[in-house]
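2 protein chains.
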Amino acid sequence: MIDLAQALFAPRAVALIGASGDAAKNTARPQRYLRKHGYAGRILPINPGRGEVLGEAAYPSLAAAPGEVDHAFIMVADVERALEDCGAKRVPVASIFSDGFADKGNFERQLALAKRAKSLGIRLLGPNSMGVIDARGRLALTVNAVLEMERLPAGGVSIVSQSGTMLGTVLSRGAARGLGFAKLVSVGNEADLGVGELVELLAADADTRVILLFLETIRDAARLAGAARRAHAAGKAVAAYKLGRSALGEALARSHTGALAGSDAALDAYFRDCGIVRIDLLDTLVEIGPLLIDRKPPDLGRPGRVAVVSTTGGGAATVVDRLGLRGIELASMHDLTMAATQESYRATLERLRASPDCDAVLAVVGSSAQFHPQLAVQPILQCAQAGKPVAAFMTPHAEASLALCAQHGVPAFRTPEACADALAGYLSWHSPAKRAAPSLPKHLPESPFELFAVLGVPVAPWQIAEAPGYAHDVPYPVAVKLAGVAHKTEKAGVVLNVQDRAQLDAAVKALDSQKVLIQKMETGLAEAIVGYRDDPVVGPLVLVGAGGVLSEIYRDFAVRMAPVSAEEAAAMIAEVKGFAPLRGYRNLPRGDLAALAQAVSRVSALALASGIAEAEINPLLVKSDGVVAVDALVVRKE
Amino acid sequence: MIDLAQALFAPRAVALIGASGDAAKNTARPQRYLRKHGYAGRILPINPGRGEVLGEAAYPSLAAAPGEVDHAFIMVADVERALEDCGAKRVPVASIFSDGFADKGNFERQLALAKRAKSLGIRLLGPNSMGVIDARGRLALTVNAVLEMERLPAGGVSIVSQSGTMLGTVLSRGAARGLGFAKLVSVGNEADLGVGELVELLAADADTRVILLFLETIRDAARLAGAARRAHAAGKAVAAYKLGRSALGEALARSHTGALAGSDAALDAYFRDCGIVRIDLLDTLVEIGPLLIDRKPPDLGRPGRVAVVSTTGGGAATVVDRLGLRGIELASMHDLTMAATQESYRATLERLRASPDCDAVLAVVGSSAQFHPQLAVQPILQCAQAGKPVAAFMTPHAEASLALCAQHGVPAFRTPEACADALAGYLSWHSPAKRAAPSLPKHLPESPFELFAVLGVPVAPWQIAEAPGYAHDVPYPVAVKLAGVAHKTEKAGVVLNVQDRAQLDAAVKALDSQKVLIQKMETGLAEAIVGYRDDPVVGPLVLVGAGGVLSEIYRDFAVRMAPVSAEEAAAMIAEVKGFAPLRGYRNLPRGDLAALAQAVSRVSALALASGIAEAEINPLLVKSDGVVAVDALVVRKE
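In order, the protein sequences belong to chains A and B. With the working numbering, letter number 35 in the first sequence gets 35, and the count goes up by one each step, no holes. With the working numbering, letter number 178 in the second sequence gets 178, and the count goes up by one each step, no holes.
Incorrect hints may appear among the rest.
In silico DSBU-like cross-links for lysine-lysine, where the CA-CA straight-line distance does not exceed 35 Å [claimed, not checked]:
hint, chain 1, residue 1, chain 2, residue 2
1, B, 388, A, 104
2, A, 25, A, 36
3, A, 520, A, 442
4, B, 509, A, 623
5, A, 637, A, 442
6, B, 520, A, 577
7, B, 104, B, 118
8, A, 577, B, 637
9, A, 118, A, 36
10, A, 104, A, 115
11, B, 104, A, 388
12, B, 623, A, 509
13, B, 577, A, 623
14, B, 520, A, 623
15, A, 577, B, 577
16, A, 623, B, 623
17, A, 520, B, 577
18, B, 623, A, 520
19, B, 577, B, 434
20, A, 637, B, 577
21, A, 577, B, 623
22, B, 442, B, 623
23, A, 520, B, 520
These stretches of chain A come out as covered by chain B in the derived footprint (C-beta under 8 Å, 3 or more residues) [as the list claims (entries may be wrong)]:
hint, segment
24, 411–422
25, 542–553
These are computed hints drawn from the structure, not numbers from a lab. All residues carry an ideal CB built from backbone N, CA and C; glycine is no exception.
With the sequences and hints as input, model every part of the structure.
Rendered as structure tokens:
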């Protein structure tokens, strides 16, 4: 039997269910585009009202169509009926352009469709998908109007997009630049085939060398993470543009797709964990391909360094300024203004490429890129493209120079910002995280303090004391708390700094409870917050931040997928600005950040537990030697 | 006599000192470009070795050239000699392409040149200038290779640039998009004519409707501020792209231009103060013209709101996401996917334009922009362009649609990021600040505490106490400080919480000083820092931030040009995230932010004083009623 990838990307016969005979209609497009771009298989328009469609034989029903059909493209409103027809005809893959499912809030209709498809043995793309394109195979099975283009350029970059129109945007802009593509897939609502499974297919696809993602949300985080690891193992980079950087964008992505979008920091942690390069600008998605093709993550344990060769100081500065904002350093600047010969220019590039002082080389080309493209970019084209990248930014309008670079596989950029975004993405690119998970005790107690103590986090000594005597042997001063109250800055139910028995009696009276928690008062140099969350979108996360209201206001946290080693936790702690005092800022006394890292790692081990939705120590006091938890919270899954 | 603007932009005769007969040389370009683009005045190549240059009569010296010369373009190494020749010939303006002055660290050579030019009555552009272009006047007096372009498109946008090549970049990219220009000036080192004076000329220039700036630094902040106000009064927007967003970029701009670059926050305050729109991306500088032409600052006292009409949800989201990052709100989203007729599309745009619910309308156009430009943008072109802007973003490669928009004066953008940057710049655009300056007492005491008290800021009661008795009548508890020690977190020389006479004696002994400052211990809800600085680049600034180490780490300050009214100070305070607790975050007790605003306004009045370089209250304690300064510092100018 034909396999999934073949049926999806290289079907021998395609049925177009609902193909229109009116060439101006959207539903006529797949047939027109398949013909226009030279699809070699059989095309079977299905239209109950006509014997021919656009000059080709048409069939009143799928059942009436001759021979086997590998792939059906469904454009009719009665998707369920069309699916049954596919089942009867034993069609292995159906792409559904029709909408009115999760995209319109009709989740049950979509679930029922997916369930029925599964029982019929049919794999679904969509619904609400614009279809699939394979440039080498000349398959343009799509309603996307970008296929009006004269030629479909073939290359090594494949794209999976949750937005059909933005798939067209990347194809359109890339093609205009001479950048070619392998396979392009609009996933629509992902009722069955999701981004993760498609990345699996592309990781195994011989024509695909780089995988780009246009994402509005993530619906199958675990599968995508596994697929990204497979792509990495196959030497293929994965890069993602993800909507929802701002709260506004996040809300929009949610309403647009009917999906739950994750918070941006959680997504950063997720992409980093699975070795996906996150890019920030739309142009970068179009232009980054040649920078990533056949390259591995540099896995730098320090800020990246770029050497710049320029014939225009102002032009170079526009890129360098942006690189600085992303924490990338300038290794060296070589101003060849008005003095460069082609040979000296090329020699400078090659010398820098071979130098251990930089991780990438950038050539910034001025007006010659516009009027003498061959001369201007020749030295750059002559640089070897294996190993350390040599990229180009053209300051003027310079289509011919950009096309030359594309033709020779040289990464080249139209704006200083996309250039810096791509280089920063490349230089911050890490291999998928490997984890030697901390071990987890078998029995996890119910009470938060006991739980964290069992995990190995020091907890301030405490006891439960009960009426009438409220006996305890915690040494004074103590804090007296209502047992089971979640911590909040504005918390009631806590009396601090209780110095002796008399004050304890007063405190207990004030709290008016039969049962209180009595805990030793601890002091530290600073407060930290350590949190764990099993995120509904991306999975288990661990967070560390400076404690107190201000760090909450400044959103000064580091987040990673859990679990993390103590070493990784130390890297997280280094990212938190609010810990600067503990690192000795302004000669303030240093805190035991190694103990904090241990605690973060131990809390992160909750990822191995089931049943815990959230857990938090807030504050965890950081002392000059050691840390101690003085308040904690655990939320279990229902 | 010919005036400056005429000699600079519309000279009747131009002398090219050092014109080369080798057409391939840079120094042959001005003559070639003047001819190519149709300059109608007299061109006088000056070359001691030849009687003709590029087929035209040449002269061995300026003295030998016939008739009056309005503008000399100097390309020889011996600039000083050429300047003397200009003086003898009574040339009113000289543009100097030659470098080797401040650009190479030779500041004295440049000062001497400027001084001599002044005594000769010659105005200088440069040195290290690429020259000047007037599109309507067909004057291409420049070595910039961008003038190899076939036609110089005329329009209402003028540019002043500190980078000659980036001037070419904007011209090149704009021309390729059908965007025309009025006057373009490369200012070089600004030995005489600076950005400010050029903006004055352009504010008075009939052809100029928008003024764009490409800046590496600011050398004449006060003059530019005045010029920007004149431009505002003349109904002309000024927009600036300024390098140095990152510390790396700032360092680079400094080394590249030999100038002192200002800190980015200070520059933001400066641009805001003089009503200059600051833009973030290079593409925005190219594309923003039509959005600003004939528009006034919206002066919104709240976040801007954009209504979006789209045929592609994913495409709209790419812009909206960016707008959200800049604090711009989505007024409404109108998805016309696959259902819009031209008429209903236009009607929707016009209805939104007329609605009070939004401040700008954005049309996001999908693939039709590429293949059916006339149809796709027709409804947008038909919208009135006066009043509230209707802008367009095209998702695909859509040169023809962009050109149509340019032709009709419709603001249109090639990337979602530049589109959002331009809209955010426009919606955050304020008229130049008007100030009813707080009054300043005539006598300003030397001591910091006395100074701030005289300004009207409450100061914790204090006295100077001397050996042997250290008598005082400040009520206990008090702080005991060495007089005249600058405050620092790691300060020595301070004993806090001195409760009684015995503790005072011990404190004085520990401080080991004949003279101490004794001050009442005050407590507040939170600490603030209020600072004043006469910035060497932009002038007097006032700053307010949350106090303590964390706000320093997070750089959580609001900065404005000083002085500010209490109302403006309140707006600054609202920008400081760290004051959230004082605003009642998490039900924390509210602080007297009105008193804080008063204090900020009063400190800002130091802008009216001379002789004060810096002044700072840190901390200023914010209480539930009132504020009180407990430590202060004043740095006087030398």
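Hint-by-hint comparison with the structure:
A distance of roughly 33 Å separates the Cα atoms of residue 388 of chain B and residue 104 of chain A; the hinted pair therefore holds under the 35 Å criterion. Among the hinted pairs, residue 25 of chain A with residue 36 of chain A is consistent with the structure: their alpha-carbon atoms are about 16 Å apart, no more than 35 Å. A hinted pair counts as satisfied when its Cα atoms are at most 35 Å apart, and residue 520 of chain A with residue 442 of chain A qualifies at roughly 28 Å. Simply put, residue 509 of chain B and residue 623 of chain A have alpha-carbon atoms about 31 Å apart, close enough for the 35 Å limit, and the pair holds.
A hinted pair counts as satisfied when its Cα atoms are at most 35 Å apart, and residue 637 of chain A with residue 442 of chain A qualifies at roughly 18 Å. Pair hint residue 520 of chain B plus residue 577 of chain A holds up; C-alpha atoms about 34 Å apart against a cutoff of 35 Å. Pair hint residue 104 of chain B plus residue 118 of chain B holds up; C-alpha atoms about 22 Å apart against a cutoff of 35 Å. Restraint check for residue 577 of chain A and residue 637 of chain B: the C-alpha separation of about 34 Å stays at or below 35 Å, so the hint holds.
At roughly 33 Å between alpha-carbon atoms, residue 118 of chain A and residue 36 of chain A fall within 35 Å of each other, so this suggested pair holds. A threshold of 35 Å between alpha carbons decides the hint, and for residue 104 of chain A with residue 115 of chain A the separation of about 19 Å falls inside it, so the pair holds. For the hint pairing residue 104 of chain B with residue 388 of chain A, the CA-to-CA distance comes to about 33 Å; that is within 35 Å, so the pair holds. At roughly 31 Å between alpha-carbon atoms, residue 623 of chain B and residue 509 of chain A fall within 35 Å of each other, so this suggested pair holds.
A threshold of 35 Å between alpha carbons decides the hint, and for residue 577 of chain B with residue 623 of chain A the separation of about 28 Å falls inside it, so the pair holds. Pair hint residue 520 of chain B plus residue 623 of chain A holds up; C-alpha atoms about 31 Å apart against a cutoff of 35 Å. A C-alpha spacing of about 15 Å is found between residue 577 of chain A and residue 577 of chain B, which places the hinted pair at or below 35 Å, so the restraint holds. For the proposed pair residue 623 of chain A and residue 623 of chain B, the alpha carbon gap of about 30 Å is at most 35 Å, so the pair holds.
For the suggested pair residue 520 of chain A and residue 577 of chain B, the alpha carbons sit about 34 Å apart, so the restraint of at most 35 Å is met. A distance of roughly 31 Å separates the Cα atoms of residue 623 of chain B and residue 520 of chain A; the hinted pair therefore holds under the 35 Å criterion. Proposed proximity of residue 577 of chain B and residue 434 of chain B is supported: the alpha carbons are some 26 Å apart, at most 35 Å. Of the pairs offered as hints, the one joining residue 637 of chain A and residue 577 of chain B holds, with about 34 Å between alpha carbons and a cut-off of 35 Å not exceeded.
Between the alpha carbons of residue 577 of chain A and residue 623 of chain B the distance comes to roughly 28 Å, so the proposed pair stays at or under 35 Å and holds. Between residue 442 of chain B and residue 623 of chain B the CA atoms are separated by roughly 30 Å; this keeps the pair inside 35 Å, and the hint holds. For the hint pairing residue 520 of chain A with residue 520 of chain B, the CA-to-CA distance comes to about 34 Å; that is within 35 Å, so the pair holds. Counting residues of the segment 411–422 of chain A whose CB lies closer than 8 Å to any CB of chain B gives 3, which reaches the minimum of 3, so the coverage claim holds.
Requiring three or more residues with a Cβ within less than 8 Å of a Cβ of chain B, the coverage given for the segment 542–553 of chain A holds, as 5 such residues are present.
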